[in-house]
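**Q** Just so you know, the protein sequences line up as chains L and Y, in that order. Number 55 in this note's numbering belongs to position 55 of the first sequence; there are no gaps in the numbering. Number 1284 in this note's numbering belongs to position 284 of the second sequence; there are no gaps in the numbering.
Treat the hints with care, since some could be wrong.
To be verified - Distance windows between CB atoms, simulated:
id, chain 1, residue 1, chain 2, residue 2, range
1, L, GLY83, Y, SER1395, 34 to 42 Å
2, Y, HIS1327, L, ARG81, 32 to 40 Å
3, Y, GLU1204, L, ILE115, 38 to 46 Å
4, L, ASP77, Y, TYR1220, 34 to 42 Å
Said to hold, decoys possible - Here are some, though not all, of the chain L residues that point toward chain Y, as calculated from beta-carbon distances under 10 Å:
id, residue
5, ALA24
6, THR25
7, CYS34
8, ASN66
9, THR90
10, TRP95
11, ASP99
12, ASN103
13, PRO105
14, LYS109
As the list claims (entries may be wrong) - Here are some of the chain L residues that sit facing chain Y, going by a computed Cβ distance under 7 Å:
id, residue
15, GLU32
16, ASP93
17, ILE97
18, TYR101
19, MET104
Hints were generated in silico from the structure; no laboratory data involved. We treat Cβ as the ideally placed atom computed from N, Cα and C, and that holds for glycine.
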Amino acid sequence: MAERPLEGLRGKLILVVEDDFIIATDLALALEDCGAEVLGPAASVDDALELIAAGHRLSGALLDINLGQELAYPIADELRRRGVPFIFATGYDAWIIPDPYRNMPRCEKPVDTRIVERLLNEGNANA
Amino acid sequence: MNRGDLGVNEIEDPPRRPPPGDDELLRLILESATDFAIFTMDPNGIVTSWNTGAERLLGWTSEDIIGNTADVIFPLEEGRGAASAEERRTALALGRAEDERWQERKDGSRIWASGLLMPLADRELGFVKIFRDRTEQHRSEELLRENEERFRVLAVSIPQLVFRTKPTGLRTWGSPQWSVFTGLNLAESLEFRWLDAVHPDDREETLKAWSEAPRKGEYYIEHRIRRKADDEWRWHQTRAAPLEGLKNADEWVGTSADIHDLRSLQGRQAVLLAELQHRTRNLLAVVQSLMRQTLRSSRSLEDFGAEFEGRLRALGRVQGLLARTDHRPIDLAELVTVELSAHRDGDELSDKVLIEGPPVAVRPTAAQAFALAIHELATNAVKYGALSQATGKLSVIWKLEKEGAKRLIRLDWCESGVAMSESGQPRRRGYGSELIERALPYQLMAKTKLTFGPDGVCCEIAVDQAEVEENANG
């Protein structure tokens, strides 16, 4: 029943930010199946910023917007500042996302790793 | 001046017929003036002459009426003779009685007569009455007056703010409601002064819409208008259109309706819908991940089926609780009780199970993590622990403790009276224990400790109350 592993993210370090443990661990494993190395997952803004600050050479990031008690926008700002491409993974439609972030690449939950792979590889992610 | 002064007296007048006599002239005038009813009466109102116009307008021939009273042309409800006499008195007193009134025809129908009654030079001879038929004009004037009145009544009694305007937006009238609502009186609202009541950010759009209105033949915009009473900018829908059927086609009428509450209601509804969609997608993601992780840790498809169904049911139960509270926090005791009851197939819990602790309002996302951890503990207890053996007991007890500035919730899941198999080694590791030992630390920064003692399984969970309960950002 397992999908054929995709290797399109081989050698890339991807930060995963997702507050739900079940989704976070699954997403991390799915990305690893695609060949990526996963940083995190992180459940909060503080944890994520700490991981980013630790000086890893990040190839990209996947951010859930609603982190339970807080929103992920400060992480997006920091990634932009550092020129790290990222994708929002969210259940929200674009119109309800505030303006500076509304038109940034976004994939719908549940996340399809093939779309993540494509967005990160095509250089279409926020950078 | 006479013609001699202009030096044109050498031009002779053309030869003329001898002028008719006075009587003849009068007769000619009377007979040719068919648009005018002209008749004479003696001082008592008895008809003495009756022209063709009178015959045409009133229906009586001169033979019918000469020698009889003219009272018959006054409507019955005006008292006929009385109205007639009143008119004669006025004419005598003022030299003329000028009026517009209904006059009755021979066949009982009526015409609106505009004219006058004058005493003859020789008052002994009586009066002359001259009038013309203005029924058509009168009817359309009345209709117009009625329409105007109807419009005015409508304009001042409906809740909308009504105005009259040129197709350019140049205002010519505003209803009293407009003035009450905006605090701008009529003079302060005329021409384009009404713009003062429109939100500065909406003025450009408002005027732009007016510039397009003549071409479109209508005006429509949603903009904010200031309510004087509390200085609130309230959303209004303003429409205007030409008044149909009036000769003056550049007369428009418009209304502004308060749609503020409707708009915020629509906004709230859209946000609720987006939130619902977000929750649904998130839940789907949880289900998908749960399925994949259960699959990874299952030895067989049978294993997978049972475990996945159990977790899905637990997820369903917590969703059910959240639906009942409309996604507001759930009490911890209820969460634990519902989860344990499900594993006891509805059996009474009281003989084997003790659930006890102060109220804790668990926010929705934390509730799911708690419910799944309790589910895994309960599943284990039913399979191997306190709920599988007659002597087994389970207590789930929590209390609140202060630790520095924080308040900790300390929950103890404690099984006892259980004959542990072999050396008391854990029967189940893998995804189930991950959901107990790792999910709560990850999501709620809890500390968990799962021990398999000689007497049964114990699980200690310590978590900051602020992580569990709803805060302002919820």
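**Q** Are the hints correct? Go through all of them and say.
**A** Outcome of the hint check:
Restraint check, GLY83(L) to SER1395(Y): a C-beta distance of roughly 55 Å breaks the suggested window 34 to 42 Å. The beta-carbon spacing between HIS1327(Y) and ARG81(L), approximately 35 Å, falls within the hinted interval of 32 to 40 Å. Taken as a hint, the range 38 to 46 Å holds for the pair GLU1204(Y) and ILE115(L), whose Cβ atoms sit roughly 42 Å apart. With their beta carbons about 40 Å apart, ASP77(L) and TYR1220(Y) fall inside the hinted range of 34 to 42 Å.
At its closest, the beta carbon of ALA24(L) sits 7 Å from a beta carbon of chain Y; the interface hint therefore holds under the 10 Å criterion. Interface hint status for THR25(L): upheld, as the beta-carbon distance to the closest one in chain Y is roughly 7 Å, under 10 Å. At a threshold of 10 Å, the smallest CB-CB gap from CYS34(L) to chain Y is about 14 Å, leaving the interface hint violated. A distance limit of 10 Å between C-beta atoms decides the matter here; for ASN66(L) the minimum to chain Y is near 7 Å, and the interface restraint holds.
Interface restraint check for THR90(L): the shortest CB-CB distance to chain Y comes to about 7 Å, inside 10 Å, so the restraint holds. The closest approach between the C-beta of TRP95(L) and any C-beta of chain Y is roughly 8 Å, which is under the 10 Å cut-off, so the hint is satisfied. Using the Cβ-Cβ criterion of 10 Å, the hint placing ASP99(L) at the interface with chain Y is not satisfied: the shortest such distance is roughly 15 Å. For ASN103(L), the interface hint is violated, the least distance from its beta-carbon to any beta-carbon of chain Y being 17 Å, above 10 Å.
Violation of the interface hint for PRO105(L) is found here, the shortest Cβ-Cβ separation to chain Y being roughly 17 Å, above the 10 Å cut-off. A distance limit of 10 Å between C-beta atoms decides the matter here; for LYS109(L) the minimum to chain Y is near 4 Å, and the interface restraint holds. Taken as an interface hint, GLU32(L) does not check out: its beta carbon lies about 12 Å from the nearest beta carbon of chain Y, beyond 7 Å. The interface hint given for ASP93(L) holds, since its Cβ lies 6 Å from the closest Cβ of chain Y, which is under the 7 Å cut-off.
Checking ILE97(L) against chain Y: minimum C-beta separation of about 9 Å lies over 7 Å; hint violated. Against a cut-off of 7 Å between C-beta atoms, the interface hint on TYR101(L) is violated, since the closest Cβ of chain Y lies about 15 Å away. A distance limit of 7 Å between C-beta atoms decides the matter here; for MET104(L) the minimum to chain Y is near 17 Å, and the interface restraint is violated.
The earlier numbered hints that this structure contradicts are 1, 7, 11, 12, 13, 15, 17, 18, 19.
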